[in-house]
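2 protein chains.
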Amino acid sequence: MAEIVRSVKGTRDFYPDVMAVRRWMFDIIRDVSTRFGYQEFDGPCLEFIDLYAAKSGEELVKEQAFVFSSPGDDMLTLRPELTPTLARMVAQRQYDIPLPLRWWSIGPFWRYENPQRGRTREFYQWNIDLVGTEAVAADAEIVAVAATFLKETGLSSEQVQIYVNNRRLMDEALSSLEVAKELRPAVFKVIDKLDKLSEKEWRAYALEIGLSEEQVGGLQTLVNAQDLWLKSDELVEFFELIKIFGLEDYVSFNPKVIRGLDYYTGIVFEAFELGGESRAILGGGRYDNLVADVGGNRLPGVGFAMGDVVLELVLQDAGVIPEKLGHTPQVLVTVFDEATIPESLKAAEEIRNAGYRVVVHPEADKLGKQFKYADKLDISVAVILGPDELKENLVAVKNLKTRDQVTIGRGELLSQIEKFLPSLP
Amino acid sequence: MAEIVRSVKGTRDFYPDVMAVRRWMFDIIRDVSTRFGYQEFDGPCLEFIDLYAAKSGEELVKEQAFVFSSPGDDMLTLRPELTPTLARMVAQRQYDIPLPLRWWSIGPFWRYENPQRGRTREFYQWNIDLVGTEAVAADAEIVAVAATFLKETGLSSEQVQIYVNNRRLMDEALSSLEVAKELRPAVFKVIDKLDKLSEKEWRAYALEIGLSEEQVGGLQTLVNAQDLWLKSDELVEFFELIKIFGLEDYVSFNPKVIRGLDYYTGIVFEAFELGGESRAILGGGRYDNLVADVGGNRLPGVGFAMGDVVLELVLQDAGVIPEKLGHTPQVLVTVFDEATIPESLKAAEEIRNAGYRVVVHPEADKLGKQFKYADKLDISVAVILGPDELKENLVAVKNLKTRDQVTIGRGELLSQIEKFLPSLP
Numbered sequence: 009m010a011e012i013v014r015s016v017k018g019t020r021d022f023y024p025d026v027m028a029v030r031r032w033m034f035d036i037i038r039d040v041s042t043r044f045g046y047q048e049f050d051g052p053c054l055e056f057i058d059l060y061a062a063k064s065g066e067e068l069v070k071e072q073a074f075v076f077s078s079p080g081d082d083m084l085t086l087r088p089e090l091t092p093t094l095a096r097m098v099a100q101r102q103y104d105i106p107l108p109l110r111w112w113s114i115g116p117f118w119r120y121e122n123p124q125r126g127r128t129r130e131f132y133q134w135n136i137d138l139v140g141t142e143a144v145a146a147d148a149e150i151v152a153v154a155a156t157f158l159k160e161t162g163l164s165s166e167q168v169q170i171y172v173n174n175r176r177l178m179d180e181a182l183s184s185l186e187v188a189k190e191l192r193p194a195v196f197k198v199i200d201k202l203d204k205l206s207e208k209e210w211r212a213y214a215l216e217i218g219l220s221e222e223q224v225g226g227l228q229t230l231v232n233a234q235d236l237w238l239k240s241d242e243l244v245e246f247f248e249l250i251k252i253f254g255l256e257d258y259v260s261f262n263p264k265v266i267r268g269l270d271y272y273t274g275i276v277f278e279a280f281e282l283g284g285e286s287r288a289i290l291g292g293g294r295y296d297n298l299v300a301d302v303g304g305n306r307l308p309g310v311g312f313a314m315g316d317v318v319l320e321l322v323l324q325d326a327g328v329i330p331e332k333l334g335h336t337p338q339v340l341v342t343v344f345d346e347a348t349i350p351e352s353l354k355a356a357e358e359i360r361n362a363g364y365r366v367v368v369h370p371e372a373d374k375l376g377k378q379f380k381y382a383d384k385l386d387i388s389v390a391v392i393l394g395p396d397e398l399k400e401n402l403v404a405v406k407n408l409k410t411r412d413q414v415t416i417g418r419g420e421l422l423s424q425i426e427k428f429l430p431s432l433p
Numbered sequence: 009m010a011e012i013v014r015s016v017k018g019t020r021d022f023y024p025d026v027m028a029v030r031r032w033m034f035d036i037i038r039d040v041s042t043r044f045g046y047q048e049f050d051g052p053c054l055e056f057i058d059l060y061a062a063k064s065g066e067e068l069v070k071e072q073a074f075v076f077s078s079p080g081d082d083m084l085t086l087r088p089e090l091t092p093t094l095a096r097m098v099a100q101r102q103y104d105i106p107l108p109l110r111w112w113s114i115g116p117f118w119r120y121e122n123p124q125r126g127r128t129r130e131f132y133q134w135n136i137d138l139v140g141t142e143a144v145a146a147d148a149e150i151v152a153v154a155a156t157f158l159k160e161t162g163l164s165s166e167q168v169q170i171y172v173n174n175r176r177l178m179d180e181a182l183s184s185l186e187v188a189k190e191l192r193p194a195v196f197k198v199i200d201k202l203d204k205l206s207e208k209e210w211r212a213y214a215l216e217i218g219l220s221e222e223q224v225g226g227l228q229t230l231v232n233a234q235d236l237w238l239k240s241d242e243l244v245e246f247f248e249l250i251k252i253f254g255l256e257d258y259v260s261f262n263p264k265v266i267r268g269l270d271y272y273t274g275i276v277f278e279a280f281e282l283g284g285e286s287r288a289i290l291g292g293g294r295y296d297n298l299v300a301d302v303g304g305n306r307l308p309g310v311g312f313a314m315g316d317v318v319l320e321l322v323l324q325d326a327g328v329i330p331e332k333l334g335h336t337p338q339v340l341v342t343v344f345d346e347a348t349i350p351e352s353l354k355a356a357e358e359i360r361n362a363g364y365r366v367v368v369h370p371e372a373d374k375l376g377k378q379f380k381y382a383d384k385l386d387i388s389v390a391v392i393l394g395p396d397e398l399k400e401n402l403v404a405v406k407n408l409k410t411r412d413q414v415t416i417g418r419g420e421l422l423s424q425i426e427k428f429l430p431s432l433p
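Those protein sequences? They're chains A and B, same order as listed.
Taking my numbering, the leading residue of the first sequence gets 9, the next gets one more, and so forth.
Taking my numbering, the leading residue of the second sequence gets 9, the next gets one more, and so forth.
Don't take each hint at face value.
Because identical chains share one entry, a pair is satisfied inside a single copy or across any pair of copies.
Said to hold, decoys possible - No farther apart than 25 Å at their CA atoms in a straight line, the calculated lysine-lysine pairs in the DSS-like style are these:
no., residue 1, residue 2
1, K204, K354
2, K189, K409
3, K159, K201
4, K332, K264
5, K239, K189
6, K251, K399
7, K380, K427
8, K354, K251
9, K239, K159
10, K208, K374
11, K251, K409
No wet-lab data here; the hints were simulated from the structure.
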């Protein structure tokens, strides 16, 4: 026997039980996105590297993108993020698309990272954006979408929290610390590293980029100023609006949140697991120049992205993934012998047309073996059409969970299945 | 203004209107697959080239696969098809998976082909397989799944037809034409080329691979023998079973169908558009050694694959794509002025929680402009909460299709929307 061909490091095989979780998460994403009136879109998985050179963080493009050449073409990239594609697509039709636009998408992305718990090289990402308005109501809506999603997965506000900050507010605060304008992007990176370094390392890093001892002290006070948001009219309005959505438990101010990507200009936010490994689940913010950067007009927007890998770990650890996920078969129609196959197929088609998920055992076999097969697939109801039943126009229906079995008239098949499976999917 | 960055040749941008069609097709695929009791799975988009070397057609691997190297890794491939991944995943867990297994999947695939109408380099493909049985009932079920799908898109049996053949039957027929066993795979390719070459070219090709004049004549008779299937017990049983599904109008015997891929061993089939450009929509068949070829045990199976690009063209030309596709927003809550934003957001959240897809205009603007925005998004209902309405606890609701507008008590908002939007999604 040959050796089984390996799979590629950092990729995942989605067997049906794993796929069911991904589908459950994606269905909530789709439901929340569309209820907020967002329209689904998608871009290509392959883009030219130039698209990302414009505005993605340097690390993302230089170190993490899968780049390769294809015959006769320029350097291609497996998309590491969606926002530049969104910007390109909006720029291409900037005079035709009704604004503001609300678009969402879900699909595969690739980053050449070191695979570890919570990090794969191939992953799925939800992207959602509201483009064409500077209104704070747009910022609040996007954060409300994120919070509604987290709530609908079953996560409580004790388990997750969306931390919000505002780069403009931080910029003003840095100005009052007399941090030079040119230095501020570097200081944003210093803030971003706060929880990733030890205090000693962090101080050294802050001094190294050119801050004075006094400024480092001021920065430490700043990132712990829990009331700082009251100085930002935008944030005051933002938190008022979040209350209207009834989501204030899920959203709070946090001056340490700044986001790594270069293109954010206003509000920024990240959802974190509380306790546990306190992992970042999703992140986003307001950008004002993204479309212009790929060749379109200036168009302000706000949005976020959420990967599936960390989310799934958080959901698992929180114990909120339902045990029985939809879309597994509900009914097995058994096959007694070769001669009765047509009658079994007929019954299956009848049950299927009533809306149930039905499998037929494709070969005649011992009934006990067929029931065991149904148990392995977690099927709840088995239908038996043996020669005895067929002779008298009867059918036996077995509830595989309770092991109850009834023999009824063939015409009552559907109503009996409804009794055993009362709640249709 | 900078030039807009180009998109990659052979890829597609899915703007919301285009995405809605893709989503509509995918939803029917999901519905049909799960009703037949199939479980969704997925593999990685990246695989090692070795996986395809085992059994995919030579053309597919050598000429059409996107192959590239990543730092420290072997040659990677963007998957050109799913079946080898299915085989690998089954081989990895061959002692744990309850057999027969019914799995389906949909996702992106890549082939380096010359982009043209009906052909892109990045496309989506539905794969569905029933593995672990040699029963003809399995072959019939898989073809019934394909026919049910085509029927549910709205295509009639005058517009599409699934042509079925059997490689074993053809092998026997070639044997009676005294075609040497070694030559038969090449003759299968000759049959596959029948509709792709002129008669003259085809004869020359058939002679060139080593057939005699007499054998070529015999082959021409063979591929026109409409009753040949009666000589195959498998096909006789197959067509009996197809009748039970009530799908006999969609399925017919055609000795010209043979399929290009090497791994098929029994029944083979292809769905074709009738008339028009008579494009192949989907194709599949029975394979008996696929899992063994990647290092597992011998495990028979049957399945098919369908790309989204040709399907969509056929559906468009047949005029069966519904004009109004779901998931676009249904209600616009207008914003009268800055002061009323909170009341507008409250109303939107109330309507959303009742299950409707709702957008709020994020900024105060002239009502006429907001109605025009709603028209562009094909929204049916607008809600108006101006200072006059708010003072008297009223709300105005406008049917944007009929231009009717009513002013009602604030508490009747939901029931009025239900009147204007009677059929919930």
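Structure-based check of each hint:
no., hint, in the structure
1, K204 to K354, "neither (62 Å within a copy, 39 Å between copies)"
2, K189 to K409, "neither (68 Å within a copy, 53 Å between copies)"
3, K159 to K201, "neither (28 Å within a copy, 57 Å between copies)"
4, K332 to K264, "neither (39 Å within a copy, 46 Å between copies)"
5, K239 to K189, "within (20 Å within a copy, 85 Å between copies)"
6, K251 to K399, "between (67 Å within a copy, 22 Å between copies)"
7, K380 to K427, "within (22 Å within a copy, 50 Å between copies)"
8, K354 to K251, "between (56 Å within a copy, 10 Å between copies)"
9, K239 to K159, "neither (29 Å within a copy, 62 Å between copies)"
10, K208 to K374, "neither (71 Å within a copy, 56 Å between copies)"
11, K251 to K409, "neither (45 Å within a copy, 33 Å between copies)"
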